[in-house]
Amino acid sequence: MAEALTHAPAHGAGHGSDDHGHAGGHLTLQYHPGLPLTNGKLIVWLFLSTEIMFFAGLIGTYIVLRFGAPTWPFPHEVHLSEPIGAFNTFVLICSSVSIVLGLEAAKANKSSAAKGWLLITLALGSVFLGVKMYEYNAKFAHGIYPWKPHSLIYEKADLNYAAAVRLRLEALESQLQAEETALKTRLEEAKAPVDDNPQIKVIRKKLDIVTEEKKYEREAEILAATSPDEVVRHDSLEALATRIMPLAAAHGAAASGHAESEGLNEENPWLHLPIRIPGGNMWASTYFLLTGFHAIHVVVGLIVFVIMIPMTLNATRAGMVENVGLYWHFVDLVWIFLFPLLYLF
Amino acid sequence: MSDHAPAGVHAVAHDHEDHGGIAQYIYVFIALCLLTGASFFTYSSYWPFPKQPKIGWAFMMSVSCTKAMLVILFFMHVKYEANWKYVLTIPAAFMSIFLILALVPDVGLRGHWASEEREQYMAEPRTPAATGAKHSGPRGKKSAESHAGGESH
Numbered sequence: 001m002a003e004a005l006t007h008a009p010a011h012g013a014g015h016g017s018d019d020h021g022h023a024g025g026h027l028t029l030q031y032h033p034g035l036p037l038t039n040g041k042l043i044v045w046l047f048l049s050t051e052i053m054f055f056a057g058l059i060g061t062y063i064v065l066r067f068g069a070p071t072w073p074f075p076h077e078v079h080l081s082e083p084i085g086a087f088n089t090f091v092l093i094c095s096s097v098s099i100v101l102g103l104e105a106a107k108a109n110k111s112s113a114a115k116g117w118l119l120i121t122l123a124l125g126s127v128f129l130g131v132k133m134y135e136y137n138a139k140f141a142h143g144i145y146p147w148k149p150h151s152l153i154y155e156k157a158d159l160n161y162a163a164a165v166r167l168r169l170e171a172l173e174s175q176l177q178a179e180e181t182a183l184k185t186r187l188e189e190a191k192a193p194v195d196d197n198p199q200i201k202v203i204r205k206k207l208d209i210v211t212e213e214k215k216y217e218r219e220a221e222i223l224a225a226t227s228p229d230e231v232v233r234h235d236s237l238e239a240l241a242t243r244i245m246p247l248a249a250a251h252g253a254a255a256s257g258h259a260e261s262e263g264l265n266e267e268n269p270w271l272h273l274p275i276r277i278p279g280g281n282m283w284a285s286t287y288f289l290l291t292g293f294h295a296i297h298v299v300v301g302l303i304v305f306v307i308m309i310p311m312t313l314n315a316t317r318a319g320m321v322e323n324v325g326l327y328w329h330f331v332d333l334v335w336i337f338l339f340p341l342l343y344l345f
Numbered sequence: 001m002s003d004h005a006p007a008g009v010h011a012v013a014h015d016h017e018d019h020g021g022i023a024q025y026i027y028v029f030i031a032l033c034l035l036t037g038a039s040f041f042t043y044s045s046y047w048p049f050p051k052q053p054k055i056g057w058a059f060m061m062s063v064s065c066t067k068a069m070l071v072i073l074f075f076m077h078v079k080y081e082a083n084w085k086y087v088l089t090i091p092a093a094f095m096s097i098f099l100i101l102a103l104v105p106d107v108g109l110r111g112h113w114a115s116e117e118r119e120q121y122m123a124e125p126r127t128p129a130a131t132g133a134k135h136s137g138p139r140g141k142k143s144a145e146s147h148a149g150g151e152s153h
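Line by line, the protein sequences give chains A and B. Heads up: the first sequence begins at 1 in the numbering used here, then just goes up one per residue. Heads up: the second sequence begins at 1 in the numbering used here, then just goes up one per residue.
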């Protein structure tokens, strides 16, 4: 280094190297960067180090919230399927392999093969997102949202919960009665038989269910509001909540049955009655936040793949494939932790 | 990016090409699949500790950390990188740990300091009565165990 500075200060004093030689009496210096990696890779790693902190913050907050909570829902209560989660993990692992094989192909100057591997990665990432959309849809269909008024989740079966059930049943009754009246008027104008009409029969059947549930809810609510016995007050509302959606008895495959296969809401999905899931609101907030941010990262990766696939992915672009691969492996890495934390804990 | 890097950078980057090759990727892939199967095993009815969730959690986190290390070391090639990897990853890892620890007093232990008013609206710990009262009438008697409090699973 000192020699280089003495003899040839103009040849990059800041990038001094010892492996120089003398050619024709002149020094020939070789450029060495400060760090032994390309600028692009350095930037990707700096970005990934901020991403480590970002996801560690999210996952860490989830862990702290989850273990500090008085209770937490079982996966089946919030319509989480462990086999689907395991399948998505497998899909992301496969995509990690395909991107790394794409890098090897690019390094070997096999552009077509590299493009093929990138295409496979793109397809696998899309499968992951498709499965995620299916899972989100299952939650939305059961009224599990991270925000009101869409969310039907209540933390406990108390009088607030009973009042919410009552209001929903009253709204349903009014809606069904209005539908029945409108249909009846239309049929009478057309001089068609009313009582034999299949649509009228369906509406009346629904009205019967609503009327029965209203009666049950009223009895439970009055009991909870008036009984001098705390145990009776508690149990009357518990029974109402359990009738609408029973809680799972245990975790995982050892459960005595899937909670979602029973209960009024499951038997009559149109009811959309408020549901009691202890810890469900915090679960929904953390689940959608974690999986949502992860899905955004997957989408960004897929967009980059779409941009890169038309390019010639030969050895000169191997660095670019490697950088995208680093990002994609990180996305896989995050899911490796999210899968057990969200689906199996 | 690398297209515009000086020639020396390419030379340095190529130093790291000797790292196991495709066979190694396949071995890592198989290991990752087996480890995913191992985490999933805790969900199956064959898992020997269904009543002790902490054993399952520790097992799953160990499996996840192993999987993460395999991806980082072999797919991200960190095993073959120079010492700069420590400069970027160790401070980030420490910051992550501090971030989590900073949340424990106020957030993790929030249940210990909840006001009476707040407790009224909080979810109750899971009890046998909550799962066992399926389709019983509103007049069903609450079992004695339901007052004993339950452990969150």
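Hints are supplied without guarantee of correctness; some may be wrong.
[Claimed, not checked] Taking lysine to any residue pairs in the SDA-like style, the calculated list, with each CA pair at most 20 Å apart, reads:
hint, chain 1, residue 1, chain 2, residue 2
1, B, K79, A, I52
2, B, K85, A, F67
3, B, K54, A, G60
4, A, K115, A, C94
5, B, K54, A, F67
6, A, K107, B, I26
[Stated by the list, open to error] The calculated label-pair distances, taken between Cβ atoms and stated as ranges, are:
hint, chain 1, residue 1, chain 2, residue 2, range
7, A, V231, B, K51, 25 to 31 Å
8, A, L183, B, V104, 26 to 32 Å
9, B, A58, A, A178, 34 to 40 Å
10, A, E212, B, S44, 22 to 28 Å
Hints listed in this document are in silico derivations from the structure and should not be mistaken for laboratory results. All C-beta atoms, glycine included, are put in the ideal place defined by N, C-alpha and C.
Starting from the hint list further up, note which numbers the structure goes against and sort them upward. 2, 8, 9, 10
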